[in-house]
Amino acid sequence: MEKSGSIDSLGSKRSSSRQPSVDSLSSTSTSRSDRSAQAKPPSAMSSDSVATSAELSPELRVKPKTLAKQVPRDSDKEEPQLLPNETVQDMAQDVTYFCPFIGAMRGTVTVTNYRLFFKCMDREPAFVLDLPLGVVSRVEKIGSASSRGDVSYGLVCKDMRNLRFAHKQMDDTLRKSIFEVLMKFAFPVSNGLQIFAFEYGQVFPENGWKVYDAVSEYKRQGIPNESWRITKVNDHYEVCDTYPSTLAVPVNIPDEELKRVSAFRAKGRIPVLSWIHPESQATVTRCSQPMVGVNGKRSKEDEKYLQAIMDANAQSHKLFIFDARPSVNAAANKMKGGGYESEDAYQNAELVFLDIHNIHVMRESLRKLKDVVYPNIEDSHWLSNLESTHWLEHIKLILAGALRIADKVESGKTSVVVHCSDGWDRTGQLTSLSMLMLDGYYRTIRGFEVLLEKEWLSFGHRFQLRIGHGDKNHTDADRSPVFIQFIDCVWQLTRQFPAAFEFNEYFLVTILDHLYSCLFGTFLCNSEQQRLKEEIPKRTVSLWSYINSQLEEFTNPLYVNYSNHVLFPVVSLRHLELWVGYYIRWNPRMRPQEPVHQRYKELLAKRAELQKRVDELQREVTNRSASSSSERAGSPTRSITPVQTFV
Amino acid sequence: MFSVKPLKPTFKCYLPPVQTDVKKTIEQPIKKLEPSLLQGEIVVNEVNFVRKCISAESSQDDLWGKLICTNFKVSFIPQDAPPKQKSKLSHLLLGEHDIPLTCLEQVVTVNDTKGKKKVLGSNQKLKFNPTELILYCKDLRIIRFCFDEAGPESAKKVCLAIAHYSHPADIQLLFGFEYQGRRYHESKGERVNGSTPRGGLQTPIFDRPSDWDREIKRTGASEWRVCAINENYAISQSLPEYIVVPVSLADQDLKQYSIFYTDQRIPLWCWNHVNGSALVRMANINDPLQQKKIDQRVFTAITKSHPQRGEVVRSDLDKCLPNIQDIQSAFVKIRQICVIDPFEESEERWLTSVENSRWLEFVRAFLKHSAEMVYYLEGKNSSVVLQEGEDRDLSCVVSSLVQLMLDPHYRSLIGFQSLVQKEWVMAGHRFLDRCNHLKKNDKEESPLFMLFLDCVWQMMNQYPAAFEFTETYLTVLSDSMWIPLFSTFLFNSPKQRAQYLMDFAKNKAIPQGEDQVVYFPPVWNWSQQLSIKDQTLFNNPMYVGKGAACVQNGEVKTFRRTKKTYSSTMRGTSASQRNGLKGGEEPLPRRGSLLSELKPDFSPVKDESPIERFFRDWFSRPADQQGVLIPLLMPSHVALWKLFFLRWVPEACIPKGGPITAYHKLSQLVDEIEILQSKLRQYKGPSSGSTPLPSPSGPLSDQRRMYFKASSPSDSSTPPDYLSSSFPFTPVGNLCRRGIHGTPISKFLNGARIWLSTETLANDTV
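Chains as they are written, first to last, in the working numbering: chain A, 1 to 647; chain B, 648 to 1413.
Keep in mind that a hint or two might mislead.
List time: in silico DSS-like cross-link candidates among lysine-lysine, alpha-carbon distance up to 30 Å [to be verified]:
(1) A:Lys370 / B:Lys1015
(2) A:Lys601 / B:Lys1356
(3) B:Lys1015 / A:Lys368
(4) A:Lys300 / A:Lys336
(5) B:Lys1331 / A:Lys612
(6) A:Lys334 / A:Lys304
(7) B:Lys980 / A:Lys368
(8) B:Lys1356 / A:Lys612
(9) A:Lys601 / B:Lys1180
(10) B:Lys1331 / A:Lys601
Hints were generated in silico from the structure; no laboratory data involved.
Just chain A, with the same shape it has in the complex:
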């Protein structure tokens, strides 16, 4: 299992601290998130769960025995095992790490161009913290030198934790503190360095950059057809520089008109097709807000265009426009030239506001959530504290919006247009969630990758700005957890329909871990155009290469193909839960809860084993009866119906 061994040492697991030794073979640390789902050959399931539970905290050590047995070599080392092209930048002894769960400990810090690695050998087993620098949001020097002359640093991380270190004041004042070195490599963009993804040279058997091809995805949906066509009008990103080059639009609107429509839509983001219902031909289309302005400007082309979208669906004589914003916000946008479709101008269209708040509100909500869950959850008032963050309420509104869209399309057979202001945050959440509800394909692993590539990456969700890869400007108002929120919504769906998704929780956590890690190129840049310009597919590895090379780890064994079944989740706080497996995973008191999946895998193995034995016996019996006589015609084998032996 050479391959998986090396894979293991890659990043995802690193995003958190787990002792290398725990991970025995790979000697990498893994994130707590990878709990039971740890990537490993099947036989490793058990050791995996060992590791996980160890986790009482990410950072806690596991069984000394396991370590000793399996990893004598690595556990002695103070440095991490390096990835291809990863280089050590600095090391420091006698650094204190203040673990909020188990207390202060002293050890060695190694900083590479990819990670921060802390190891404390005093503990048995050794304690390890392994953190990709991409996760670091800011580094703060805390206070001045304390009584003992210590210098203290706090690391605020994007993945819901804070870490605190201290070391002795340097004797040599010329020498930089290791944390200054860290700052340099944690924020490469601000320091004129390259993001590690451009250096990381791992080769995987799968090429994730081939997962998505716009034309074949439209083809899968049956596009082009008599009502919709593929246009190359944006081939050079001239109509809209934040849109993909391949767009699907109504047949009877020529490219020239598309350009005129684009003048009336914010950032040129014209309504284009996201999804079409295979039977009713009702569609989900997305765009940005119309440039109505205070004077109520109109655009004949835009009106005609929306009419064409409606006409493309013969089943309904109505079009629903879902504006993701609260109506007040939409109205306020008129002051800035934007606004929303007036029903006078758009005959047959009905406008619905979904009251989802903007990126700033969401950022604040997640910040509050972090306060509530990290490092510890207070024993009392947990639920009201959680409520006061409004996080679940926002999740609910997004899911409720997506549900209404899916319901209109599925039950109402009506086409819908979805937009917010620019159409790259809330709009993406709504279209992709409603597509998940409507189309079982997106609930497979590959389908979900396609969905992300399409609705998020190609349609220009501004990952670079929202996450701030390698950028030290942590107060940037453009940062916002819109994508995290979307993944949270997906997780909520998997909770309500545990058998409807091919992927498991670990898959979602891995995506979020690599959203920050900067190990893969997938989430770099803000648009397809930028990615092309930076030659991301050429110069970096896709996250899907990593994931698709070990699908087993990310597969939900309970998956049942619901085929054409549309999911109608219950969007109620009675069913929405905080995603503890993500937000609270650093807490050592939290044990990952995925034994159902594990148990299912064990049962599958059991079935395979039994089937084998039955087959063997059957063969034996057949041989014997063939050789002896035909008397045993009524042997038990015949009375038994065949059972499936595959998943």
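We have chain A; now place chain B onto it with these hints.
Chain B alone, transformed into the frame defined by chain A:
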């Protein structure tokens, strides 16, 4: 006062009533609607042309039919029964529209035109003609009948009859006494033909020394003995006849001590850890002068019974756990927000409302306290004494939870049932008062058993492979409390039980010496209520029974596992423990709770207390489903038991979703495995034992253990359409709140409405 029309009891009782109804209505639609009656059941009053409300949103699905009050139940017989839903358990004793009188919480009559409303009790008058009857049930259903087309006088009479008969003046008026008497005589013939005296019941009842003996042997409690001083309840009114005590205490000592304990409840052994520590429960000692002396003697005896002479830790439950009134009021509140409050309005502040009910807080408090007891027993080799005023309420919850955490035996179906027998029924939990079956004293009502079931569910939710039974089992068990036909939940103590049953036997001419279990069976014989097929819903396909340990992790762990011992002094226990444990000689240097402090951005760091370290250490290892199980105790990990609390709520029902869809898939797989296993057995002959997979206890042979059968390769294994998060229950017709207005689309909005402008709402008319 009421006209009692004795009808000939029919013997249809063991047929699912609904089916017979269906047939009948097809044959003769207008024909009289006959209730299906059990033996000894008589119709008290009835009214025709009643409308049963099915949906709050419109009346188009409402059912028309006859409303009947018998001496056992409220029954509604629809004129045109809709096809029976596949998704429902068919109960052998109750039809789809039946409610046992004991299950009624409140009977409310309403007159809409006059704007009047009255909650009816026993022997009351009603000054208006009701237009509506709303039945609030103890199992959280709310059922509504309308009398717009019914004769006003008959409607009134039925309402009064229901109210009257649901407030029986005496326990012997509970229908079980009538029913079991008849049943005994009717079925006498069958029993003679061979069935064993206890009806093949596998669950030990703990009413005889042998049951206790077996338990002593099973747990290796060699220094404990069965003691018969309470035979004929000579010492204590509330203890069982046979109890287990330290061998070093003589009967004479015990008799002497008993006078100082509340209700003469001398310390009662519950369970022994393999390390020799014992779990003991006892009542308070009333006389403070004697307390020290007796405590010392008893504790010395307990220590002597410990092979390592482990110390004894006493936990005073009254001081560290909520009392029964608090628990009752929490339950009332959580019920209010789950089923009574309008769905969307309660959405708005849902989390805060749940918190304010304090139900989950209490669930967590009991789990936490029990886990702390586990620490002493498992981590410190100490024996634990649970002390409570009367030792009949909180102790029942804590002692059973501790045993559930420590001993995998109790996580099997039979083990669990024996635990309930041992720690609840025989230990003298006042089921009659706590359930308030006679509706006499609301102050005594408290859902402790329900709280216990919720705690069990929390464990099950966290360790889904550790229990042989399912949440459906727990729910059906909780519902059984409200069917007065089983002896399990009817009495306050073994003595009361024995007394009433003796009277009963006399009255019904049942020969002396007959086993009570035979003439008044406990709930554990599930075939009384459910078909064999439906009982398979109790089986957890994931259960890792002892035989299956090999599948796990390659390495088989046994219950006895080596453990690290920590320093024997109890440094830094958490606040609740400090309050809880006055026993033990250890001085408790205090330290701030880890959690209570304000946390700055980078919180300061503390050292762990031994108990925290014990838990962390435990959590750092993979959980052994057949070993000790400690629940996660963070508030974020204690969840609302949705199947129980929300099963009747239509708005909360996830179509084709919920945990049942995973259960469905798992069951199919296990069924395939069992088919393969039986194949193997056929090849190999009966003896060569392949390890039976999940359940060592269930009969594997002909009966399939799984409710959902393996699909043939041609089928898709898509979950059937009738599955929903409420399965196997259905909200249809079981939750009809009053005064809810809303359109179907509101279901999809679910509270988002408050965020929507009125304009938007107006737009959203489709």
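Hint-by-hint comparison with the structure:
Between lysine 370 of chain A and lysine 1015 of chain B the alpha-carbon distance is near 25 Å, which keeps this suggested pair within the 30 Å criterion. Taken as a hint, the lysine 601 of chain A and lysine 1356 of chain B pair is honoured in the structure, with Cα atoms around 19 Å apart against an allowance of 30 Å. Taking the CA atoms of lysine 1015 of chain B and lysine 368 of chain A, the gap is near 27 Å; set against the 30 Å cutoff, the hint holds. Among the hinted pairs, lysine 300 of chain A with lysine 336 of chain A is consistent with the structure: their alpha-carbon atoms are about 21 Å apart, no more than 30 Å.
With a C-alpha separation of about 15 Å, the suggested pairing of lysine 1331 of chain B with lysine 612 of chain A holds against the 30 Å cut-off. Pair hint lysine 334 of chain A plus lysine 304 of chain A holds up; C-alpha atoms about 22 Å apart against a cutoff of 30 Å. In summary, the hint linking lysine 980 of chain B to lysine 368 of chain A is supported, as the alpha carbons are separated by about 28 Å, within the 30 Å threshold. Note on lysine 1356 of chain B and lysine 612 of chain A: the hinted pairing holds, with a Cα-Cα distance of about 21 Å set against a maximum of 30 Å.
Note on lysine 601 of chain A and lysine 1180 of chain B: the hinted pairing holds, with a Cα-Cα distance of about 26 Å set against a maximum of 30 Å. At roughly 27 Å between alpha-carbon atoms, lysine 1331 of chain B and lysine 601 of chain A fall within 30 Å of each other, so this suggested pair holds.
The structure shown violates none of the earlier numbered hints.
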